[in-house]
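*Asks:* Build the full structure now, drawing on both the sequences and the hints.
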Amino acid sequence: MSVEGTWHLSVSTPIGKIKAVVELRERRGVLTGVARGAGEEVPLRDVALDDDRLTWKQAVTQPLRLNLAFDVTVDGDTLRGTSRAGRLPSSKVTGERRPERAHQE
Numbered sequence: 001m002s003v004e005g006t007w008h009l010s011v012s013t014p015i016g017k018i019k020a021v022v023e024l025r026e027r028r029g030v031l032t033g034v035a036r037g038a039g040e041e042v043p044l045r046d047v048a049l050d051d052d053r054l055t056w057k058q059a060v061t062q063p064l065r066l067n068l069a070f071d072v073t074v075d076g077d078t079l080r081g082t083s084r085a086g087r088l089p090s091s092k093v094t095g096e097r098r099p100e101r102a103h104q105e
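Residue numbers (this note's numbering): 1 to 105.
Each hint should be verified, as a subset may be incorrect.
[Stated by the list, open to error] Dumping the calculated DSS-like pairs for lysine-lysine here, alpha-carbon to alpha-carbon at most 27 Å:
1. 17 with 92
2. 19 with 92
3. 57 with 19
4. 92 with 57
5. 57 with 17
Since the hints were made in silico from the structure, they are not lab data.
*Replies:* Okay, here's the thing in structure tokens:
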């Protein structure tokens with residue numbers, strides 16, 4: 001299963017919902033990605049896909065400086081799971097993959 005593409009995420013945190021966009025790419029069997037949200041762009045670390053389970057880590061500085069660990073299940077163009085920041089409680093994550101548009105130039 002491919003998880004490549006642009007994903008629109010919603011993370012339900014104790015301080016409210018946070019929206020983010022995650023772009024995932026695969027090159028030579030290695031998944032990489034970046035996350036954009038709250039005015040910053042950060043690289044994803046340790047991106048791994050095991051069957052339908054997708055995990056990654058990322059650091060953010062907005063609204064707080066945190067190291068986040070995501071653990072989601074991918075089902076086609078949707079994903080559901082959790083994000084955890086250290087000892088804080090897990091936050092619910094949902095997301096949808098944006099359809100890729102054919103580029104004509």
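*Asks:* Compare the distance between the alpha carbons of residue 57 and residue 17 with 27 Å, and conclude whether the hinted pair is satisfied.
*Replies:* Distance of about 19 Å is within 27 Å: holds.
*Asks:* Check whether the Cα positions of residue 17 and residue 92 lie no farther apart than 27 Å.
*Replies:* Cα-Cα ~10 Å, so holds.
*Asks:* For the pair supplied as a hint, residue 19 and residue 92, confirm whether the alpha-carbon distance does not exceed 27 Å.
*Replies:* OK: residue 19 and residue 92 at ~12 Å, within 27 Å.
*Asks:* Are residue 92 and residue 57 close enough, with their CA atoms no more than 27 Å apart?
*Replies:* Distance ~15 Å between residue 92 and residue 57 Cα, so the pair holds.
*Asks:* Within a Cα-Cα threshold of 27 Å, do residue 57 and residue 19 meet the stated pairing?
*Replies:* 17 Å, holds
Comparing the model with each earlier hint shows no violations; every hint is respected.
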